[in-house]
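Protein chains in written order, with numbering that gives the first Met the number 0: chain A, 0 to 228; chain B, 0 to 231.
For the record, the hints were derived by calculation from the structure and aren't laboratory data. The reader is advised that the hints may include incorrect statements.
Counterexamples of contact, computed for chain A against chain B with all Cβ distances above 10 Å [said to hold, decoys possible]: (1) L7; (2) L47; (3) V53; (4) K55; (5) E129; (6) L142; (7) S159; (8) E227.
Straight-line distance between alpha carbons at most 27 Å, and here's what the computed DSS-like set of lysine-lysine pairs gives [to be verified]: (9) A:K82 <-> B:K139; (10) B:K226 <-> A:K82; (11) A:K17 <-> A:K82; (12) B:K70 <-> B:K139; (13) B:K228 <-> B:K70; (14) B:K226 <-> B:K139.
C-beta atoms are modelled at their ideal positions from N, C-alpha and C, and glycine is treated no differently.
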Amino acid sequence: MKPSAPSLLKATFAIVQKDLAAELRSRELLSAMLVFSMLVILIFNFALELNIDVRKSVTAGVLWTTFAFAGTLGLNRSMAVEKDRGCMDGLLLAPVDRSAIFFGKAISNLAFMLIVEAIVIPMYAILYNETRIFQPEFLGVLLLGSIGYIAVGTLLSAMSVQTRTRDVLLPILLFPVAVPVLLASVKASGGIITGAPFAEILTPLNLLIVYDIVFIAISFMVFDYVVEE
Amino acid sequence: MQSKPIALTILDILSVISLGVATYFALVFAPTELFMGQVQRVFYFHVGTAWVGMLGFILAAIAGIIYLINKDMRWDRFEVAAVEISTMFFFITIVLGSIWARPAWNTWWTWDPRLTTAAITELIYIAYFMLRAGIEDPEKRARFGAVYTLLGGISVPITFMVIRLFRTIHPVVIGNESAAAQGGFSMSGDMVTAMLVSFAAFTIIFIDLMWHRIRIGGLQDKVEELKLKVSM
Chain A
0 MKPSAPSLLK ATFAIVQKDL AAELRSRELL SAMLVFSMLV ILIFNFALEL
50 NIDVRKSVTA GVLWTTFAFA GTLGLNRSMA VEKDRGCMDG LLLAPVDRSA
100 IFFGKAISNL AFMLIVEAIV IPMYAILYNE TRIFQPEFLG VLLLGSIGYI
150 AVGTLLSAMS VQTRTRDVLL PILLFPVAVP VLLASVKASG GIITGAPFAE
200 ILTPLNLLIV YDIVFIAISF MVFDYVVEE
Chain B
0 MQSKPIALTI LDILSVISLG VATYFALVFA PTELFMGQVQ RVFYFHVGTA
50 WVGMLGFILA AIAGIIYLIN KDMRWDRFEV AAVEISTMFF FITIVLGSIW
100 ARPAWNTWWT WDPRLTTAAI TELIYIAYFM LRAGIEDPEK RARFGAVYTL
150 LGGISVPITF MVIRLFRTIH PVVIGNESAA AQGGFSMSGD MVTAMLVSFA
200 AFTIIFIDLM WHRIRIGGLQ DKVEELKLKV SM
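Same shape as in the complex, but just chain A:
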C-alpha cells in the first residue's frame, strides 16, 4: 500500500462519517424508513387482529417483517444516492481498499437500521403493552439478525442499483437469500418472548451467528467484483 493511503479502519470510518453527516442534514432516509415501519405495523394490526393471545406468538414475526421491509427501503436509497450523483465513482477512485467501501456502507446501513429499530421497538411496546421485548437477549438477537441482513443486503443493493430494474429488484434478490437470517431471528426472538428454555433458543442463535460470519466474509470477498467497472 502507498504510504499516503489511509488505513482500512480510517477509510471505513470516513465513509460511515460521510453517510451519517449526509443523513443528519437531509433526514430523508430515516424518516422514510420510520414512517414506513409504522405503517407496516398498523397494517399488521388490522390484518392479524393483534389481540393479547395472538400477540404472544406473532410479535417476533411482525417486528422482523417490518424491519426487513424497512431495511430494503434504506438499502436501496443509500446505494441509489451514491450511484445517481456519481459519488460511487468518486469512492472507487479514492486510494483506499475496496473493502473499506463495503464495510463503510454496511456499517452506516446498519446504523440506520438500528436507529429505526431503537424507535420502533419502544413504540411497539407502548402500543401493545409488550415489555418482554426489552430483554437483553432479545436485543442481542435483533443486533445479530440486523448484521446478517445488512451484510448481504449491502452487497445486493450495490448490484441492484446497477441494473435496469433497480429498486424493484432488490427485495426479489435479497429476500430468498436472506431467508435463513430472518427465520432464525424470528425463531430465536419468538422463543425469548414466550420464555422458552435457553437450549431451545441456542440452535437458531448458533445458525444466526454462522450466517453472519459466512455472509460477511462472502460479501467482503465478492464486493470487488460487484463495483468494478
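Got chain A sorted already, so can you dock chain B onto it with the hints?
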C-alpha cells in the same frame, strides 16, 4: 456456421432411449408399493429430477467461482445452462412431489423443511434470471450472475438447516429405517434398481441438455458479434 457435432446427435438418441428405459423401469419393472399403491411410482422420477436439479445448482456455483477467477465467458455460458436446466428440473420435482403428496399426506403442499427449501431455491434462481435480464453489458451480467449463484449456493444449505428446526414430515428414504410413519417405505431390490436406472437416465438427459444449451449460448454470442460487425 458450425454443424451439430455427431456425438451430440448420438447423445440425443441415447437420451430418448434412456428416458424410455427409465419409464419402463418405473412403471412396469418396479413392484407396486404395498401401502401407497401405484402412486409411489412417481417417486423414481421425483428423485431422478431432484438429483439433476441439485447437481446443476452445485455446478453453477462452481462455474460462477471459476468465472470470477479467470473471466472466461465460456464459464458464464456453462453457469447459465446449468441454472436454466436445473430450475426446470427442480420445478418438475416439486410438481411430481405434489402429485405424490396429495394421496400420501392428503395435501398438495405443506410447509415442511424440504418443501420450503425447494420453494426458496426456485425463487432464488428465478431472481437470478430477473437479475440477468436487467443488465445489458454481457461482462457485467456474467459477473453479477456469478456472484448471485455463489450467494444462492451458500444460502440454500443454511436455509435447510434453519427450517429443519421446525418439524419435518418429508420421508427420508435413503439411509433411514423408521420412516414409515411419515409416508416413507423401505425399498426392495427391484425398487433400488428402478431408482438407479432413473438416476442414470436423468444424468444422461442432463448432460445432453447442458451440451445443447452451452452450444446455443456460444451461437448466441456469435450472432451478437456478427450483428455488431454489420451495424458498424
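Exercise. Evaluate the condition: distance from the CB of L7 of chain A to the nearest CB of chain B exceeds 10 Å.
Key: The assertion about L7 of chain A holds, with a minimum of 22 Å to chain B.
Quiz item: Is the Cβ of L47 of chain A more than 10 Å away from each Cβ in chain B?
Solution: holds, 18 Å
Quiz item: Is it true that the CA of K226 of chain B sits at most 27 Å from the CA of K139 of chain B?
Solution: holds, 20 Å
Quiz item: Taking the minimum C-beta separation from S159 of chain A to chain B, is that value above 10 Å?
Solution: violated, 8 Å
Quiz prompt | Claimed clearance of chain B by E129 of chain A, with the beta carbon kept past 10 Å | solution = holds, 24 Å
Quiz item: Taking only the CA atoms, is the gap from K228 of chain B to K70 of chain B under or equal to 27 Å?
Solution: At roughly 23 Å apart (the allowed maximum being 27 Å), K70 of chain B and K228 of chain B satisfy the hint.
Practice problem: Classify the label on E227 of chain A as holds or violated, using whether its beta-carbon is more than 10 Å from each beta-carbon of chain B. | Solution: At roughly 8 Å from the nearest Cβ of chain B, E227 of chain A sits no farther out than 10 Å, so the non-interface label is violated.
Quiz item: So is L142 of chain A really clear of chain B, every C-beta pair being over 10 Å apart?
Solution: Its Cβ never comes within 10 Å of chain B, the nearest being 18 Å, so this holds.
Quiz item: Are the Cα positions of K17 of chain A and K82 of chain A separated by 27 Å at most?
Solution: holds, 15 Å
Practice problem: May I ask you to check that V53 of chain A keeps its beta-carbon over 10 Å from the closest beta-carbon of chain B? | Solution: Correct as stated: the minimum Cβ-Cβ distance to chain B is 19 Å, above 10 Å.
Quiz item: Can the restraint linking K82 of chain A and K139 of chain B be considered satisfied, given a maximum Cα separation of 27 Å?
Solution: Holds - the C-alpha atoms of K139 of chain B and K82 of chain A are around 16 Å apart, at most 27 Å.
Quiz item: Can the restraint linking K70 of chain B and K139 of chain B be considered satisfied, given a maximum Cα separation of 27 Å?
Solution: This hinted pair holds, its Cα atoms lying about 11 Å apart.
When the structure is compared with the earlier hints, violations turn up for hints 7, 8, 10 and for no others.
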